[in-house]
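> These are the residues of each chain, in order.
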Amino acid sequence: MKKRLRKIIIAAIIFLIAVLIEKINFVNIDENTIFIIQIVLYVLSYLIVGFEVVKKAVVNIFHGEFFDENFLMSVATIGAFAIKEFPEAVAVMLFYQIGEYFQSYAVKKSRKSIASLMDIRPDYANLKVNGNIEKKSPEEVKIGDVIVVKPGEKVPLDGIVIEGTSMLDTSALTGESVPREVKVNDTILSGCINLNGVLDIKVEKAFGESTVSKILDLVENATNKKAKTENFITKFSKYYTPIVVLLALIIAFIPPLITKTDILDWVYRALTFLVVSCPCALVISVPLSFFSGIGAASKKGILVKGSNYLELLSKTEIAVFDKTGTLTEGVFDVQKIKNENEIGPKELLELATYCESYSNHPISISIQKAYGKEINKNRIIHSEEVAGKGIISKIDDKEVACGNIKLMKELNLDNIEQVDEIGTVIYVAINRQYAGYILISDKIKDDSKKAIQDLKKAGVRKTVMLTGDNKDVAEKVNQELKLDMVYSELLPIDKVNKVEELLKNKNEESKLAFIGDGINDAPVLARADIGIAMGGLGSDAAIEAADIVIMTDEPSKIATAMKISRKTLKIVYQNISFAIIVKIGVLILSALGLASMWAAVFADVGVTVLAVLNSFRALK
Amino acid sequence: MKKNYILEDLDCANCAAKIEEGVKKIEGVAECSVSFVTEKMIVEIEEGKEKEVEKEIKKVVKKIEPDTTLREA
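So the protein lines, in turn, are chains P and G. Position 103 of the first sequence, counting from 1, maps to 99 under this note's numbering, and the rest follow consecutively. Just add 1074 to wherever you are in the second sequence, counting from 1, and you've got this note's numbering.
Just chain P, same shape as in the assembly:
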């Protein structure tokens, strides 16, 4: 790089001297001598800055590569020499090299800044060997080894905490800024940063299988899956160069034949064509923009597995959600305890827990979980299940009945008002007196509502919820979330069929995204145009199955991902249209003889640099 810059500077100085020598001719040398000195200086400057290019061009011709940029630049500049446009020839080569220098500088810079964005790769692991600590590369650590992570260090491998407590910064993986606490027996994932305590970790996965390697691998290989736009541009540029060269040949020889005007003038115009015949600005900015977009997404805890998916996401018009675990927490918890008489909520829960303690029905388990204390089985005198209705038990001296409304009816408690809430209601009667109810339900995630609203704002036309749950629960959830369509009581295979149906009824251009938790909806994730899995952190299944992985549990990240995708695409289109307009503009102007080679090379280099800089914006 340095050598290149030095060459450019030296050549530029010589070039300036050559230009100025004729203006400030204070020693009164005769014109011929000055002319010769000038030519020598121009050639010298040209060779310093352009020799590499010409050499490459010659070598490539022997390889059968005619339309490469080195060749085109060489022809344009040597052609300019031939028609005695010396300053032009040198200036074009000089600017071309300055542009190339800028471009590779900008590309290196952006590669670096994107890489630093994803700088989660741990450099070492502190391996504990017989009480001593040895610094090892993470690859050398084996499953079952114990490693020590000190405050400020990255967790290098996935494992289980066996000693210590600490706060973890998971932001590099999830985009979540609130630190997470870990203690003994907690799972810990590589890529997190240990904030305060010292942790001893028993390694559970080899480095290659650890979270950090998987994520890095995914993101780094994402640009190998190319977006349609990128393939289009590659194809376009394949034709662009030969066409421009052909046009140059036509301009050089046909008009002078017809109009009998000076051929040199037309050759000059043709050479100007060659200057803008390289499609660099177009080709370079597209993958850069996509990579920046993918980097920006991963910083927010959204893994996009390919440029193509980032592109498709911007065209998403139908968002299909799985309910449980995606829009709702997916855990059944006691949401509410409502007592009817002097028996307080605490006692109600206690009695219900004892009543249900012999059952392992999910509902009983959530009640027991909410109670959270040890159960003294001696207090249970008798317990009997009433099939399809509930359980009646004798606890101490009380008869406790827990179950649905049918059970209450059986106990002749007819005037109980049916509770109208989302979830499963457990009615409790004590000594044949109605005592209240316990509501168990899956909670809607805090940001689900915002997620649906944001998606609408981001341009999604139709939001759909699919669930295996019954109609009542589904409708109730939707009263709050307000999706456009709800399909309930679906078996897993029905979900695939529903998605197929939605895919069939939409038009080609708009895309359908399916959002699930990645656990048992892999076929649907695969079938949708874009499969998005939630809660990917620590779930290999989700990362495996989806095209886009939201590392956290927040559905609102989908709208964030869409925004990033839209912005990236906007930048890509800006770059493409800007580059094409400038190139065509220069071609027209030079065909008319209005643009000099200077202007052409300036425009060409300028467009490239601006496009590269513009693609940076996708990072933010």
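Hints are supplied without guarantee of correctness; some may be wrong.
Covered stretches of chain G (chain P as the covering partner; in silico rule of three or more C-beta atoms under 8 Å from a C-beta of chain P) [stated by the list, open to error]:
{"hint": "1", "segment": "1079 to 1087"}
{"hint": "2", "segment": "1109 to 1123"}
{"hint": "3", "segment": "1133 to 1141"}
Some residues of chain P that are not near chain G, with every Cβ distance over 12 Å (derived) [to be verified]:
{"hint": "4", "residue": "I33"}
{"hint": "5", "residue": "N217"}
{"hint": "6", "residue": "K311"}
{"hint": "7", "residue": "I376"}
{"hint": "8", "residue": "D443"}
No wet-lab data here; the hints were simulated from the structure. Where a beta carbon is used, it is the ideal one built from N, C-alpha and C, also for glycine.
Add chain G to chain P, keeping to what the hints say.
Chain G only, in chain P's frame:
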């Protein structure tokens, strides 16, 4: 089998596209993708042809971008 390579000093995006195109044409290559930004090449090579194909890939890279060096990732 899938092989990953790194193209060091891959400076020009157009060349990346040309290298991809060139490698795809090699006999024994099922699929090839070059990422300009990450300087990575992923090649799907038919079983048993790895040696010859790798030689050919090197040739293609040398021909299109003499300054770029290919190494295994």
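> Each hint: holds or not?
Tested hints:
Counting residues of the segment 1079 to 1087 of chain G whose CB lies closer than 8 Å to any CB of chain P gives 3, so the stated coverage by that chain holds, three being the minimum. Proximity of the segment 1109 to 1123 of chain G to chain P, defined as three or more residues with a beta carbon under 8 Å from a beta carbon of that chain, is established by the 7 residues found. Against chain P, the segment 1133 to 1141 of chain G contributes 3 residues with a C-beta closer than 8 Å to a partner C-beta. That satisfies the three-residue criterion, and the hint holds. Under the 12 Å C-beta cut-off, the non-interface status given to I33/P relative to chain G holds; the minimum distance is some 34 Å.
The Cβ of N217/P does not lie farther than 12 Å from every Cβ of chain G; its closest approach is about 7 Å, which violates its non-interface assignment. Look at K311/P: its CB is around 22 Å from the nearest CB on chain G, clear of 12 Å, so calling it non-interface holds up. At roughly 61 Å from the closest C-beta of chain G, the C-beta of I376/P stays outside 12 Å, upholding its exclusion from the interface. Taking the minimum C-beta to C-beta distance to chain G, about 32 Å, the non-interface status of D443/P holds against the 12 Å cut.
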